[in-house]
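With chain A fixed as given, assemble chain B onto it according to the hints.
Protein chains in written order, with my numbering: chain A, 1 to 576; chain B, 1 to 433.
If you're looking for bench data, these hints aren't it; they were derived computationally from the structure. Here the structure is a predicted model, which is why all the values come from computation and not from measurement. Incorrect hints may have been included.
[Claimed, not checked] In silico DSS-like cross-links for lysine-lysine, where the CA-CA straight-line distance does not exceed 30 Å:
| # | chain 1 | residue 1 | chain 2 | residue 2 |
| --- | --- | --- | --- | --- |
| 1 | B | Lys424 | A | Lys128 |
| 2 | A | Lys121 | B | Lys359 |
| 3 | B | Lys336 | A | Lys320 |
| 4 | B | Lys289 | A | Lys316 |
| 5 | A | Lys140 | B | Lys157 |
| 6 | A | Lys123 | B | Lys157 |
| 7 | A | Lys316 | B | Lys247 |
| 8 | A | Lys115 | B | Lys424 |
| 9 | A | Lys549 | A | Lys187 |
| 10 | A | Lys115 | B | Lys425 |
| 11 | A | Lys123 | B | Lys95 |
| 12 | A | Lys543 | A | Lys519 |
| 13 | A | Lys128 | B | Lys425 |
| 14 | B | Lys336 | A | Lys316 |
| 15 | B | Lys355 | A | Lys187 |
| 16 | A | Lys98 | B | Lys95 |
| 17 | A | Lys320 | B | Lys355 |
| 18 | A | Lys128 | B | Lys259 |
| 19 | B | Lys424 | A | Lys122 |
| 20 | B | Lys259 | B | Lys247 |
| 21 | B | Lys157 | A | Lys115 |
| 22 | A | Lys123 | B | Lys72 |
| 23 | A | Lys121 | B | Lys157 |
| 24 | A | Lys140 | B | Lys289 |
| 25 | B | Lys259 | A | Lys140 |
| 26 | A | Lys320 | B | Lys95 |
| 27 | A | Lys249 | A | Lys62 |
| 28 | A | Lys123 | B | Lys336 |
| 29 | A | Lys122 | B | Lys72 |
| 30 | B | Lys289 | A | Lys115 |
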Amino acid sequence: MKSNICNNSSKAKVTCSWYHSAVATSIIGAAFSLIVLTLLVVNFFQTSVTLPKWEEQLQTLKEEIRNNPDDQQLLSRIRQLDLQIRRNRIRRLDFSYKGTFLLFSSVAVLLIGVKWTGTFKKKMPILKLRSDLQDEQTRKAMFARLTVTICAVVLGLGALSLLMMHRVNFGGTGIEDASYPSMEQIKRNWHRFRGPGGSGISSFSNILISWNGKTGEGILWKTKVPLTGNNSPVIWDDRVFLSGADENKQQVYCFDAFSGELLWMVDVVHVLQDDEPAEVIEYTGFAASTVTTDGRRVYAIFATGDVVCFDFEGRKIWQKNLGIPDNAYGYASSLEMYQNLLLIQYDQGGVEEGKSNFFALDGFSGRAVWETKRPVANSWTTPIVTDIDGQYQLITVADPWVIAYDPTDGTEIWRAKCISGDAAPSPIYAGGLVFVIEPDARLIAIKPNGRGDVTQTHIIWKTEEGGSNICSPVSNGEVVFMLFSEGLISCYKVTDGTKLWEKDLRENFQASPSIVGDKLYLLDEEGVMYIIEIGSEYKEIAKCELDEKCNASPAFADGHIYIRGVENLYCIGNKE
Amino acid sequence: MIRFRYIIISISCSLILSGISTAVERFPPPDFESDYQQPTMTIPPPRQSFYEYIDAAVLLAALSLSSYLVLKRRSRRAIFVLMVFSLLYFGFWRKGCICPIGAGQNIVLSIFDRDYAVPIVVVVFFLLPLVFTLFFGRTFCAAVCPLGVIQDFVLLKPVSVPNWLESGLRLFAYLYLGMAVLFAATGSAFIICRYDPFVSFFRLSGNFNILVLGACFLVVGLFIGRPYCRFVCPYGVILRQLSRLSKWHVTITPDECVKCRLCEDSCPFGAIRQPTANWPTNVYSIAKKRLAFLIILLPVLIFLGGWLGTGLKSVTSRMHATVRLAERVYLEETGKVEGTTDASTAFRATGTDAKELYKEASDIRARFGFGGWLLGGFIGLVAGLKLIGLSVQRQRTDYEADRAGCLACGRCFEYCPREHVRLKKAKEVVSQS
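Pulled out of the complex, with its shape left as it was, chain A reads as follows:
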């Protein structure tokens, strides 16, 4: 080809020189395009790698500054890093913009060069030999029909494969049921204070009866909890939730149930910063209320009245404040769930003050679904929702009333006047009876099938030998146990309240008792778990030391116990 262009004639020489110029232009354009493109690609990857790292660092520093707002050095570092990031981003954007402009220019030069070169290589059209036109026409038409058919079939098959894809059918039945966990799911988990129904009964019986915190025997893992709290662990599948707080900070934690790793920890900023601070005694603390979960979200409430909802990744969904509670020792009632409703017993002040409320919030959005005034004084009990003869009842205990509501709309079903003093033990439902404790006074059994004031008609029996003032009762439906804070454990017959036995363990207890299979688990303040066989007389099976003080009630899962010590969270179970 070259020989065709660069021959010896003078005209050809000129043509030849222009041809070379065109080629040179193409080469320069190509080389420059390649260089600019390389630089742009490098810039892009550097931006994708460097900036996210710095932004991550900045985020970490920002989290640190929340904990140390007065740290000027940290503040200065944040500003420097922020400046660095902005500077870098603008520089790279500028580079990218100019580079793109350059790339376009050089590609334009390249195209001009190549097209220019092409003008020197123009050839005359070469006529092809003709085949039989009739045959060719027929063949082309056939191929075209075949191609159209194939393309239509490809489209059809593509559409069919898309039809097979999973679809979300929110027009079908069961939308409402699917938006909250089933009873089976709840029973497999420990979704609130004292587990399903607040009964304190484990669904699993494969729980260890021997461990030792000193030697590590039976301890699967132990993880430090950043802030203290008297609330108990809550378990959903592979996650354990807790909260912690002091007078400055409130936090919610999520741990891996199998490794103990702290998966996330989120600060809950008090929304009423300018208000009077909540008055809380040290014994109660700022995070005495146990969190709850519906398997989709986790909900927490603090002594400041802050109610907060997080998803399972630790992302805040909503937050509300119910007002600083007027509570003598500090707010301690735990949360309960019924279907999509988050149930909050918010008892305050004296009986006559009329400050007490019950709130039902939509777990999805935090919207108040219903709210009702309660004629009671401040209390520390946790409500339960239980199925009684096919109807769910929300049972609450406070001075002076035990009141049952319809959890769907807050309508009162029945009430019994039988409580006085600082009510802290929560109610339970077992053997067809509701058991409540009047602090320092008595254990009371109420038949929950009445309407209106049932004080005179439905209290089946009550003991007269005192009542626990912190620990809630527990029952397997045949016998009911009451544990006093000072260590006295009493066993009564459910049917008539006959005392079967009692034993003074001579230790202090704050954690409520639990039942695992045919065993009773009692955790004292020193972290010693008493495991007792449930029977007609006291029979101790084992005593397991944790080597850490404990105030919270334990939580039970398949083969595991989760115990919150004053500093650490423990998982106890078989290593196999």
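For chain B alone, kept in the frame of chain A given last:
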């Protein structure tokens, strides 16, 4: 002497290109204490209505000039100059927006959504090329559309795509048009704009994936003439049909075809149709039966397409933000996914009942069900008509530009000896011989 010229050209190119790169980098000094206000970042910035009318006037002028250059002046060089102008003005200056290709979506949305008011300029941008096509063929594609122009410029080594293959591949453009109308009508998305492969080039920035898509089209466009225009462009689908009806249309020869065959391979877009031979008598009866079968098949294809289209409503409706949100919220609520998204968190913050959201999403899905019927039926109709069209023999005695497929680029003019006679570059005897 020659070397000296090389050096001069090389240095000039390097200086021009490098000179721009040495520009001083801008950096606004950060000041945390100042009242510095963030500038509003809108790309492209909204244009004043005055400029919009100028744009419409420029479009009218460009279309008129293009039609004149293609049909009267028959000058590829002049068309090329107009292409450069269109690329710079409608592409880089106006940053590719609003363009007639995407404007159709605004029109469709305004028809289905009473609350959506479409600006008059958008209507003008949509209609002007259609009107011109109806009279003069695809002169918009020839030199006015910046998307076509950028592809035309990169075409270096044309490889011909067989007509039979092109017939099949063009089906996807009809699908794209149908989907664009469906998504615009339901207020879901303007997919033509969202997936415009060249707009990132015009704006010198954009989504990385779209940039890659655009680069791919340009790389393919080095060898296959205007791949986006021929196999994807939804506006091109409409222009094709109008161009069939055009009153005046580009011709290869200025007067008569001498059947010299020189233009046979001149069109990089495969838009030159050869003279036909008579239909072979031995296949005539089979062809008749086939035609009858395909005519009967047509309603079946429409029904099948409609059935598939409506069945896909769960998939297609995901293009709508409300349906996506409802699905996400539903999955979160039923515990099938963990965590939340910004959208679902924001929705929860509104305090609206999720059931209301589900109902709204179900209504939108129902609309997609009906729209899917129409879309699927349309695709079935197009496929059926294509098959029928390919089973009917057309008689041609001369070499002709395909009325639908010809992009009026003017490349074929110079291949015609009669054109050389017209331009007095060759003597009349050439054609006579």
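Those earlier numbered hints the structure runs against, lowest number first: Numbers 2, 4, 7, 11, 26, 28, 30 - these are the hints that the structure violates, sorted from lowest upward.
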